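With chain L held as given, fit chain P onto it using these hints.
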Amino acid sequence: MSNRTFTSLSQLRQKLLPWSLPITLLVLWQVAAQTGWLSSRVLPAPLDVLKAFWTLAVSGELWRHVLVSAQRALSGFAIGGGLGLLLGLATGSWKRVETLLDTTVQMIRNIPPLALIPLVILWFGIDETAKLFLVSLGVFFPVYINTFHGIRSVDAGLIEMGRAYGLRGWALYRDIILPGALPSILVGVRFSLGFMWVILIVAETISAQEGIGYMTMNAREFLMTDVVLVGILLYALLGKLADLLARTLERVWLQWHPNYQSR
Amino acid sequence: MYFSPEENSEVRAAERVINGAAVTLRGVGKTFGERRVLKGIDLDIRPGEFVAIVGRSGCGKSTLLRLLAGLDAASEGALKIDGSADDVRIMFQDARLLPWKRVIDNVSLGLAPAFRRRAREVLARVGLADRERDWPAQLSGGQRQRIALSRALVHSPRLLLLDEPLGALDALTRIEMQQLIESLWQEQGFTAILVTHDVQEAVALADRVLLIEDGAVALDLDIRLARPRERASTGFSAYEARILQRVLEAPPIEPSATSHDVRTSGIAHISFAI
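Sequence order for the protein chains is L and P. Going left to right, the first sequence walks through residues 18 to 280 as my numbering numbers them. Going left to right, the second sequence walks through residues 2 to 275 as my numbering numbers them.
Here chain L stands alone, though its shape is the one from the complex (with noise of 0.2 Å):
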């Protein structure tokens, strides 16, 4: 019993020791601000940001930015991961598919989607199409890139196992090449869910009426510094809570993985 309380009592420290270094960054963050020597222009005590926080919470407009913004990047990596997925398939599976395809994409893989900005305005406005189509491009590539060569590095010696034990067409791709191709699939996924807030975060400042983006822009105006720092603390919750989900689908799909067993 005593020695079951202080296994426990271990493991409970070893879950806060990560915290333990922001905590006391915190805390001495917020002394600063407390005595003056950190003026509120530059960086709001954490109690007043947990404040705004709150302010913004109650009155619903928190939650109306975050689903904006959520919808957007999700929408945005449906498409862009989703197109992705399927032409790395593709480009992976079919040698002529690649000669056709892969020497474009690479070389428009190499302009960083957010110089295409001023082009992207020009062509659909500074409306929701840009911001998705900004999206969309960005977490394209990690996708395309990882299932590609996710396919390719199947093991050769599996897939002829496939044939000579009968397995043909959609089987072989069931059975052998679509998990094979799986852990580097997922490095895609999680690559591009967290470009997909560095994305959304330029395209929301740039120019938007709502979004997580659109309420800092606006209280960076009214020299709201505490709603800035909501905002950004808002990115960073959202994009570990993507990291999230990424590793939850690598722990169910790759649980065969040796590298992915959760003991």
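Hints are computed from structural coordinates only; laboratory data are not their basis. Careful: at least some of the hints might be erroneous.
[Claimed, not checked] Below, a sample of chain L positions facing chain P; criterion: calculated Cβ distance under 10 Å:
| # | residue |
| --- | --- |
| 1 | 146 |
| 2 | 179 |
| 3 | 182 |
| 4 | 184 |
| 5 | 196 |
| 6 | 197 |
| 7 | 199 |
| 8 | 272 |
[To be verified] So these bits of chain L aren't anywhere near chain P, every CB distance computed over 10 Å:
| # | residue |
| --- | --- |
| 9 | 58 |
| 10 | 145 |
| 11 | 215 |
| 12 | 268 |
Since this is a predicted model, take the numbers as computed values, not measurements. Cβ coordinates follow ideal geometry from the N, Cα and C atoms, glycine included.
Coordinates of chain P only, in the frame set by chain L:
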């Protein structure tokens, strides 16, 4: 997995059901670019026969097996197996299990779900019934090869091709696996063709040992030893020494090399266990 000592080889031979496929090769050759890896191979393998193919690395023995498995096409000649592609199964040197499928799903690869019970039976036969929910990564090399063996046997093949399947195993596991393969071959009566670089393994398992040299059959030797075979017996050593000597001998090949006239000093009837 072990033979019971009182079991006698004559009884076994009488009981044995033969449902293996006959294999016929006429002038079979294989060329990769400029290199002729196999030239004019003529071969008749009887149904249910256990044939071992030995030879130095690069002699073309694995290529021959790949032709039989249909993984490569012959460049010349005719290759006939009396049966369909589904009657032929191959076991590779690396187990080639799918890491993302549990053991039971690996064994029933390519089977309809209705055959899962049969997969369980075969798994039990190789002694791994309790590991069916494990991932391949959790198994040892010998266990993986046993899974690969049951994956091949679940299809009830009439021709089982073995491409150095025990090459990467430690000595003890290897002898265990040889015994397992032999007893399954005796039970199921398939034709077996084993490619190996281990002459002792060839003599222990095969009815007939083929030596391939420079892409041609250099020696075709019947092993007339009763099963189970005692490795320490004089007869066994005589065969082993003879084949090994022939392997190490430098070409040119003597004309009488393909012979069946082996004098054996004695046939062992001693049972063995490891």
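Violating hint indices (sorted, rising):
1
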